[in-house]
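Heads up: the protein sequence lines correspond to chains A and B, in order. If you count by this note's numbering, then the first sequence holds residues 1 to 525, one letter each, in order. If you count by this note's numbering, then the second sequence holds residues 526 to 834, one letter each, in order.
Hints in this document: simulated from the structure, not taken from any laboratory. Hints may be right or wrong, so weigh each one.
Derived SDA-like pairs (lysine to any residue); straight-line CA-CA distance at most 25 angstroms [as the list claims (entries may be wrong)]:
id, chain 1, residue 1, chain 2, residue 2
1, A, Lys7, A, Thr275
2, B, Lys694, A, Ser397
3, A, Lys164, B, His680
4, A, Lys228, A, Ile9
5, A, Lys396, B, Gln655
6, A, Lys417, A, Leu43
7, B, Lys694, B, Lys630
8, A, Lys405, A, Val36
9, B, Lys691, A, Val36
10, A, Lys396, B, Glu676
11, B, Lys630, A, His173
12, A, Lys106, A, Leu95
13, A, Lys164, B, Glu697
14, A, Lys183, B, Lys630
15, A, Lys183, A, Leu22
16, A, Lys8, A, Val249
17, B, Lys812, A, Asp443
18, A, Lys245, A, His5
19, A, Lys396, B, Asn656
The lines below spell out each chain.
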Amino acid sequence: MNLRHLKKIRIAVSLAIFILLLIFFLGIESGVLNPVSNFLLRLQLIPSILRFFALFFTVSGLGFLLVLGLTFLFGRVYCSSICPMGTLQDIIIALARPFRKKRNRKFTYSGSQKNILRYSILGATILLWFFGSLFLVNLLDPYSNFGKISVSFFQPAFIFLNNKLAFFLERFHIYSVAPLGVKTLPLYVMLVSATIFLTIGIMSVWRGRLFCNTICPAGAMLSLVAHKQYYKITFNDSACTLCGKCERVCKAECLSSRTKVIDHSRCVSCFNCFTACSNDGLYYSHQKTIPAVAAANTPAPSPGKRQFLLTMAGGALSIPLLKNASLAQGHSKPGLVPTGTASPVTPPGAISYEHFTNNCIACYLCVGACPKNVIVPSFFDYGLNGFMQPKLDYHKSFCNFDCVKCTEVCPTGAITKQTPEEKQKIQIGVARFMQESCIVTIDRTDCGACSEHCPTKAVHMVEWEGLRLPEVTPDLCVGCGACEYACPTEPYKAIYVESNLVHLEARPIEESDGPQQQVLDDFPF
Amino acid sequence: MDRRSFIRKGFIYSALAGLYSSTIGRIPLLAGQRSATQSTGNYDLVAVRGGEPVAMYRRAMQEMGGIQRFVRRGQRVVIKPNIGWDVPPERAANTNPDLIGAIVKDCLDAGASRVFVFDNTCDNWQRCYQNSGIEEAVRAAGGQIVPGNLERYYHEVEIPGARRLKTAKVHEQILEADVLINVPVLKHHGSTTVTVAMKNLMGVVWDRRYWHRNDLHQCIADFCLYRKPDLNIVDAYLVLTQNGPRGTSTADLALRKSLLVSTDIVAIDAASTLIFGTQPENIGHIKIASEMNIGQMNLDRLNIKRVAI
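Put together the whole structure using the sequences plus the hints.
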């Protein structure tokens with residue numbers, strides 16, 4: 001096969017994967033494509049590794065082995081094809097290209113000095129993870145950041161356009177496009193997403209895949225494997241004319257045309273160099289056939305590994321700092337607020353506060369997928385450990401009793417998959433009724449909005465001074481928050497859900513024998 | 526003819542004529558006005574029992590004088606069922622989908638230009654529309670099920686004469702409707718005891734919390750001052766008798782196999798309350814609405830047609 005076609009194939013594959021993941025993040029229901037998108041989620045490196053451990057060595061968490069295998073064979077194809085953030089950077093580079101001066105459009109080899117930073121970051125990320133904090137993953141993982149950016153900007157834009165179309169069609173009485181509720185994310189979440197987006201965007205416009213090779217922990221992890229990759233891009237000394245075209249298109253800035261050095265740990269296998277070369281001066285080959293000259297010019301064997309081990313120790317220094325901070329933040333004290341849960345309510349299937357915060361990378365796929373918009377990003381509600389992780393906000397909405405959408409999409413296993421029957425028994429919190437601020441006791445009028453919305457009738461109405469007052473049967477409550485959402489009192493709700501730090505099982509609704517036969521013999525009027 | 530015989534004959538003829546008109550004549554005279562299958566529809570309320578929902582509906586409309594009495598050619602009809610909950614039809618927390626389908630089709634057959642169906646649901650609207658079976662039934666019958674999930678569809682209106690609910694944001698379909706047909710399902714309700722026709726109209730406004738916060742019963746009655754439905758049809762086939770208005774399982778249901786039709790929203794609520802098994806006087810909003818002369822809750826004063834099939 002002509003190696004020049006590799007770039008086209010790479011672009012096609014990366015765009016296809018990008019679009020499939022984007023569709024998923026926009027929350028578009030497509031029966032055929034969703035399983036494909038789901039499979040692509042399994043291939044995301046860090047989510048996959050987390051899933052593997054979160055779900056006790058599950059097969060569905062083995063996607064990372066496939067990625068590592070691919071990397072061993074062909075280099076970091078993950079970074080240029082599978083990683084949505086990688087493709088997003090390529091799109092940004094391509095879009096910015098026409099606006100840049102010609103001389104600024106080309107890349108130049110940048111030596112190999114960036115190893116310390118990236119391996120330090122990787123080391124710190126892994127150490128923090130061992131100590132139970134995903135803080136750095138939440139902040140740096142490319143997939144998670146793509147998710148944050150999608151849900152913060154792409155999804156609102158999509159909803160805006162979708163609704164414009166829906167409202168336009170409605171004028172002609174066409175109702176086939178469903179208008180979507182606008183997801184209003186907190187400002188601080190938008191700010192963090194915007195900062196990440198801008199930082200990565202500027203880095204990519206300025207220096208190509210700089211983010212991937214200096215900061216990204218997934219990129220650093222793969223570069224450790226890429227050192228040993230089986231098929232390598234290699235200079236063909238007899239054909240190379242030292243024209244430098246390959247170097248100018250190398251967005252990883254890992255290729256030196258003058259010294260004929262390729263830093264494979266930084267190469268993202270984008271294959272731009274093959275297409276740029278007009279003389280077959282580069283080829284893809286098994287490492288053993290590397291010509292002697294080129295071999296002499298390659299960097300010393302795996303400096304990465306050594307630095308990695310060294311910097312692991314360095315990264316460890318930052319642990320106590322973060323850990324203390326997280327402890328100080330930790331769980332807020334119960335009873336200090338008039339109403340409202342002490343710790344955030346975690347989604348059904350999250351097993352426990354600990355399981356959730358230890359495995360969620362804040363990619364916001366669940367936020368985007370939730371049809372009730374009850375899952376919203378938090379900021380420091382989970383402490384520094386759970387920075388930006390999502391929670392259930394019952395002031396905005398409540399959890400639909402029969403819906404299991406979030407449990408189906410979570411890539412890391414922070415939210416485990418549930419069937420509707422299983423989910424209906426998971427108690428994520430318990431409703432607490434505050435009689436002293438209830439409409440019924442204060443205004444002496446009937447209300448019952450809480451009980452009306454309750455799917456299990458854990459909140460039910462009992463006779464009270466000629467009116468009906470809510471009462472809670474805690475063991476029936478699943479903590480869906482319908483009561484809290486519906487409660488009309490302000491500013492504090494008269495009924496609210498106190499989060500369960502460990503999810504429990506609610507008493508199931510009794511099996512039914514079907515309706516009673518009470519056919520009327522005559523009208524009672 | 527002498528004077529005496531004239532008087533005698535006149536007496537006999539007039540007696541015969543009176544006899545005829547008061548006995549035999551009445552039947553053919555009225556029968557001549559009726560079409561073969563439809564009554565004049567002079568009833569305030571028609572109650573049918575013992576059949577399937579659609580069959581009972583057809584019979585009731587026959588007694589009411591047909592849907593043509595309410596829907597004229599070219600009119601825009603809005604049907605407001607209860608689609609509040611994400612539960613399947615067998616749980617009867619939403620109006621029976623077949624019944625809604627039959628009404629939609631009837632309206633279209635009567636010449637309605639368009640028939641719209643919607644509800645401001647409590648659970649996720651798309652799941653409610655779909656799992657209630659109503660979306661499919663409406664589409665199959667040729668009607669249009671329209672969204673009510675965004676505030677932009679609701680426009681503020683004033684309610685003259687209202688005591689508490691002086692303004693409300695009402696769905697634009699209601700504002701633009703020529704004919705409004707209210708099709709609730711009779712259910713238990715935790716705080717209002719029953720929910721029928723008047724309470725079903727809570728689903729056409731945006732801010733229900735306001736109602737709950739400001740004397741729920743009064744607000745329910747107040748809203749009727751804005752727009753009384755042209756026709757109310759109560760689905761009382763399967764009746765949620767406890768754990769309403771959502772229900773938790775089919776054990777909460779009682780099979781009552783009834784259906785009511787009336788133009789009087791208070792009367793139909795009162796009759797439904799009796800079918801549910803309690804007295805209308807016990808229901809706050811029915812009592813208030815009666816006091817405000819929105820309708821008649823005293824069923825003795827009404828012309829009621831009762832049918833068993």
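The hints, checked one at a time:
no.	hint	in the structure
1	Lys7(A) x Thr275(A)	holds, 7 angstroms
2	Lys694(B) x Ser397(A)	holds, 20 angstroms
3	Lys164(A) x His680(B)	holds, 19 angstroms
4	Lys228(A) x Ile9(A)	holds, 24 angstroms
5	Lys396(A) x Gln655(B)	holds, 23 angstroms
6	Lys417(A) x Leu43(A)	holds, 18 angstroms
7	Lys694(B) x Lys630(B)	violated, 29 angstroms
8	Lys405(A) x Val36(A)	holds, 16 angstroms
9	Lys691(B) x Val36(A)	violated, 53 angstroms
10	Lys396(A) x Glu676(B)	holds, 14 angstroms
11	Lys630(B) x His173(A)	holds, 18 angstroms
12	Lys106(A) x Leu95(A)	holds, 15 angstroms
13	Lys164(A) x Glu697(B)	holds, 17 angstroms
14	Lys183(A) x Lys630(B)	violated, 37 angstroms
15	Lys183(A) x Leu22(A)	holds, 17 angstroms
16	Lys8(A) x Val249(A)	holds, 14 angstroms
17	Lys812(B) x Asp443(A)	holds, 19 angstroms
18	Lys245(A) x His5(A)	holds, 17 angstroms
19	Lys396(A) x Asn656(B)	holds, 23 angstroms
Against the hints set out earlier in the document, violations occur for numbers 7, 9 and 14.
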